[in-house]
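If you want the building blocks of each chain, they are given just below.
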Amino acid sequence: MSDMLALDFMRNALLAALVVGLAAPLVGIFLVQRRLSLVGDGLGHVALAGVAIGVVTDSSPVWTALVAAVLAGVVIELIRARGRTSGDVALALMFYGGLAAGVVIINKVEGAQTANLTGYLFGSITTTTRSDVAVFTALSAVIVLVTVVLRQRLFAVAGDEEFARASGLPVLALNIVLAVLTAVTVVVAMRVIGLLLISALMIIPNAAAQQLSASFRAATWWAVGLGVVSSVGGVMTSYYADTASGGTIVLLAIALFALAVLGGSLRKAVATARHRHAERHLHEHGPGCGHEAVAHGDHVDYLHDGHRHAAHEGHYDEHADHPSADADPGSGGVAGARTGRHTLGDREEVTR
Amino acid sequence: MSTGVSAPPPVVDLRRASFGHLGRPVVTDVDLAIAPGQVVAVLGPNGSGKTTLVTGLLGLSDHLGGTVEVLGTPLARLRDRTRIGYVPQRHTLSGGVRATVAEIVATGLLATRPWWRPAGRRGREAVRRALETVGLADRARFDVDTLSGGQQRRVLIARALVADPEVLVMDEPTAGVDEASQKVLAGVLRGLATSGTTMLVVTHELGALRGTVDRVLAVDAGHLSFDGTPQEYAAHQAERARAAGREDA
Ligand SMILES: Nc1ncnc2c1ncn2[C@@H]1O[C@H](COP(=O)(O)OP(=O)(O)O)[C@@H](O)[C@H]1O
Ligand SMILES: [Mg+2]
Ligand SMILES: [Zn+2]
Ligand SMILES: [Zn+2]
Ligand SMILES: [Zn+2]
Ligand SMILES: [Zn+2]
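Which chain is which? The protein sequence lines are A and B, in order.
Just so you know, the first sequence maps onto residues 2 to 353 in the numbering used here.
Just so you know, the second sequence maps onto residues 769 to 1017 in the numbering used here.
Where hints are given, some of them may not hold.
Unchecked claim - Derived coverage of chain B by chain A (criterion: at least 3 residues anywhere in the stretch with Cβ under 8 Å from a Cβ of chain A; other residues may be distant):
no.: 1; segment: 816–830
no.: 2; segment: 844–850
no.: 3; segment: 862–868
no.: 4; segment: 875–885
no.: 5; segment: 908–917
no.: 6; segment: 947–953
These are calculated hints, taken from the structure and not from any lab test.
Backbone N, C-alpha and C fix where the C-beta goes; we use that ideal spot for every residue, glycine too.
Work out the full structure, taking the sequences as your base and the hints as a guide.
Encoded structure:
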């Protein structure tokens, strides 16, 4: 560990990985929500054309890539807002045109040696310079700040655009903000994981987080945690195992996804074993449903034919039939667990 | 409608109004004034333009002619859109991610505060009250995907109610919902009507809303073909059935 940190380029690489791991899932959750998971991939293609322009004009590829990706992101939103069916084809032209132009131009300028091109396509973290890292950190800080402040609005627009528009939210402006955030994320991640793999770090930690949480809020923080572990862990692994950093990060993210699926179903099995369902229950309990409501910890049970029923997901749970077991917290232990005593807090964590 | 001198100004006032999509009119020449507290059902076959008409009041379909005033203001100049609550026809709630009932309902408040201000205690209180109104207070922290279809509709109604709108526009809130949920849903609408909420409800199930609705509009091929009380509507239907019977004979 200390040998790795003694190396200047590794310190840069780890810092770059940290900010990317933080920013990419934070933006990506809204792409998953809008079912536009692959837009990040498309913007990555277009960013390569920007890199090529930087190479040709001898200016910084980071900034030209940023301009190209942001422009492409805004154009995508404008095409979507027009609602034309030909929009799909327009996107394909833009994405593949960008990638093709990038490859052709870079190869033309740099001759047959394609190390530089490969670096942009698949990441080349060890060549990340100190000034690159400073730029990435600043851009990531902006991404995090904007997403955190606007997250409820972005959530509302991504979830139900029609309702958001009816309630008076600036839908197009928020969609453009998200497109720009995506474009900036692509460029920040370009050196670390590469333009062809960027989308993975925006999407996979979020897919994993969906297995572990029942609320948007919890899913967001899970995704950020998993993203940071993947990117920083991936860079460390690639140092010791001498593998390509971008690919290692993505493979690690996929491994975490598999663990999350496993963990999610284990937790669900445990939760199911810990409580009892009421059988066939067509009636819906609620205020004035005709059954007596009894306060039970942080929720209410309804007295139903001698049973205590509490709403849980798509069914009703049987809660303690012996009020005495509940009245005395000291008698909890095994009895409490057997009678299915749990709180809404527990239940929020239970996923299907 | 009463035309007494003291009649309050209408909540919705359409004069020869037309609405449509992409510049093509779908509903034309609509004259309609809805008084405060009125509960209006909008009936009509699929594709007749019911959705286009009611979403016209929200600025979602294009206003292509005539005048449209909502809450005493010409539609284009109505700044605070949260004064009109909207329950859309489609039913997906959160898109491709998990979200809790309370998270969905809270989105109804976003447009009532500036973008930089986080939700406060009053916002959380409003969410709780809206959920209580639709009888889902005990499910505030549930993943919305675990709710039944009828419960999800009630989440949408709570989202529309959370900003305390002066008029509620609902597009088929009872469609495709099992009978038990439909009963609960009808109870929710009855409660809202009793508390004086003005409502415009697109529906195919007038029966489920019996006693709640005090005016019926029928839309047919882009025109208002009927406007009257539920009793008059029943008579109108019977008359049409008789006429059809004579033709067949
Ligand atoms: N977003 C839209 N763009 C273009 N045409 C539409 C749109 N929505 C509805 N229409 C057309 O408007 C007509 C009326 O539809 P709609 O108002 O949804 O009817 P209803 O709600 O009564 O079933 C239909 O012919 C439909 O094809
Ligand atoms: Mg409709
Ligand atoms: Zn009951
Ligand atoms: Zn209980
Ligand atoms: Zn019960
Ligand atoms: Zn249960």
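Of all the hints numbered above, which does this structure not satisfy? Sort the numbers upward.
The structure conflicts with no hint, since it agrees with every one listed earlier.
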